[in-house]
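Trainee: Chain by chain, the residues:
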Amino acid sequence: MPPPRTKDATTGEGTRPPPPDDATTGLPGFRSWRSVYLFVLGVFVLWVVLLTVLTEVYS
Amino acid sequence: MNALDYLVLLGVLVSIAVYGMWRTRGHHNLRSYLKGSRETRWFTIGLSVMATQASAITFLSTPGQGYESGLGFVQNYFGAPLALIVIAVVFLPIYRKLNVYTAYEYLGKRFDAKTRLLGAGLFLLQRGLGAGITIYAPAIVLSTVMGWRLDLTIVSTGLLVVFYTVAGGSDAVNLTQKYQIGVIFVGMVTAFFVLLARLPAGLTFHDALTVAGGFHKLEAVDFSLNPDRRYTIWTGVLGGMFLALSYFGTDQSQVQRYLTGASLRESRLGLMFNAIFKIPMQFFILLLGALVFVFYQFERPPVFFNQAAWHYQVDHGSGEKLRALEKDFATAHAEKERQIQAWIAARHAGNDSAAETARAAALAANVRTEAARTETKAVLRAADPKTTVNDSDYVFITFILDHLPHGMIGLLVAVFFAAAFSSKAGELNALGSTTTVDIYRHIVKRDASDAHYVTASKWFTTLWGLVAIGFALFASLAENLIQATNIIGSVFYGVVLGIFLLAFFFKQIGGTAVFWAALAAQTLVLVFYFTLSISYLWYNVIGCAACMLLGFILQSFLPVNHAHASE
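These protein sequence lines are chains A and B, in that order.
Every letter in the first sequence is one number past the one before it in the working numbering, and letter 56, counting from 1, is 56.
Every letter in the second sequence is one number past the one before it in the working numbering, and letter 277, counting from 1, is 336.
Worth flagging that the hints you see were computed from the coordinates, not collected in a lab.
As the structure is a computational prediction, the values presented were derived from the model and not from experiment.
Don't take each hint at face value.
Said to hold, decoys possible - Partner residues aside, some chain B positions facing chain A, computed with beta carbon under 8 Å:
| hint | residue |
| --- | --- |
| 1 | Ala271 |
| 2 | Val280 |
| 3 | Ile335 |
Unchecked claim - Covered stretches of chain B (chain A as the covering partner; in silico rule of three or more C-beta atoms under 8 Å from a C-beta of chain A):
| hint | stretch |
| --- | --- |
| 4 | 128-137 |
| 5 | 141-147 |
| 6 | 319-328 |
| 7 | 336-347 |
As the list claims (entries may be wrong) - Here's a subset of chain B near chain A, in silico, CB distances under 8 Å, partners left out:
| hint | residue |
| --- | --- |
| 8 | Leu268 |
| 9 | Thr269 |
| 10 | Gly272 |
| 11 | Leu277 |
| 12 | Glu278 |
| 13 | Ala279 |
| 14 | Met331 |
By construction, the Cβ of each residue, glycine as well, lies at the ideal position given by its N, Cα and C atoms.
Please model the complete structure; the sequences and the hints are all you need to start from.
Mentor: Structure below.
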């Protein structure tokens, strides 16, 4: 049975929720998209810190 | 370059283009031609998004930026991971849900026809200009140093990329980009290790970084609040985020890449791949430039890296002055090298005061080498006012041609062309799609067959390719090439982003308010651009903020927007 239709916040059109395939990340250790985004943010912060350290050490 | 180099160069480029056309032959309907077969996996999407952004300019010009100004340019990319997360969460699900061909088609669904046309028009204007630069930039540098004819280089490279983009459509672009970026990575990593191997015996990697840092080339992060500084952490995170939001989220050349994904998940992962690897990739390329700077402290570089321009003036009247300046430069450079050797030796001996004295002497000698370079540029400019005195784009190619073994020279030149082709193909693909879907199918011919639109798309792609080639044939740039591309983008991107943010987040705003707000904001940005001297990254923020603010103000005088979908 297809999933129930919901109201789209963007266009007002009826749409279906994303298929289950899109809801999971498919990555080992990352069960939700939120955890993927947090990981990416963490990598970004790590790079800024490392580049700041590089700047300080070699200036 | 010798026969081996040409064999490697042509072998790499032609085989990728032919393979891409062969693998994607037989695409006949509009959906598969413009959006691909929708079977693309995240890794290919990730590489394709990266390849579209990373043009030949990235690999020719960015090392020169690292050589000249150090690592500070990396801050330009600080906003990219944040922007890519926002796009993955907000923009992407909407595009996929509405099953649009172009980002501007969404504006038509959300606002009205005129706003869709405005968005598409701004994209075509700025990307059409940018497309000329992506052909011109590598051609001017490569033709100068190789002695090739500039017009033939522009026309031949332009026509090859037009040919396989038109023949294979979106899938061909994605597929060829994957292999082109593979060649790019192999070439750049190889150049990096050859460079390290060519540093003087006894000079460790730490020593090399010390020398680069001693000359202020490793100042990657700048916390200054001075708005005149071009690259700071603030311009990078804020301005860079707006630039990246607009570029990755609303520029069709990028949107088209991730809309080919087999699912929302594949497209999202492709974007996250870029969010993770964008900063390290740019850092690596800039570091390569900083290490080329270190290399040239122990090996005398040319006084002016555009050797063709220098030799021309030596042979045509300014020879005496230029030779005298070259001699001054050589003397100062020899002194600098001697002081750097003393500095490193003192560091190894643990003698900090001697190290500091030698470093100060090396910096003083560096001032003299830079003075000789500056005066050389002035002589060249006086002899021919059309001479581009910014020679940083010639630094990396000069290093490659003078210091890499044959075969590898061919590979590295193939890197530049592969990068030029990959970004050019993405742009042409997007320009053709937008013209077909948002202009031709929307205004000129609404109910034609799929085959008709595929043919139209091929013609429009060809037309844009010819426009880009024509623009490249008549172009002339004063800025460092990588910056010129970003400046053009920043002047237009902010307003386009403002339109999309109003569309995504503010349901009460209607098409008429957005349309006039966008026009007014774009005018404001152009006025600021020609009158202010602030960092160009701020124009992304200003354009976006002005468009949104004016949209709210105008909407308060207009009837409340009840219907979202007007088409």
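Trainee: Take the hints in turn and mark each one as holding or not.
Mentor: Quick rundown of the hints versus the structure:
1. Ala271: Where the cut-off is 8 Å and the nearest Cβ of chain A is about 7 Å from Ala271(B), the hint holds.
2. Val280: 5 Å, holds
3. Ile335: 5 Å, holds
4. 128-137: Result for this restraint: holds, n = 3.
5. 141-147: holds (count 4)
6. 319-328: holds (count 5)
7. 336-347: holds (count 3)
8. Leu268: Holds. Min distance 5 Å.
9. Thr269: 6 Å, holds
10. Gly272: 3 Å, holds
11. Leu277: Given a least distance of 4 Å, the restraint on Leu277(B) holds.
12. Glu278: Hint on Glu278(B): holds, closest Cβ of chain A at ~5 Å, below 8 Å.
13. Ala279: At about 4 Å, which falls below the 8 Å cut-off, the nearest Cβ of chain A leaves the hint on Ala279(B) intact, so it holds.
14. Met331: Since the shortest Cβ distance to chain A is 6 Å, the answer is holds.
Going down the numbered hints, you'll see the structure goes against none, and every one checks out.
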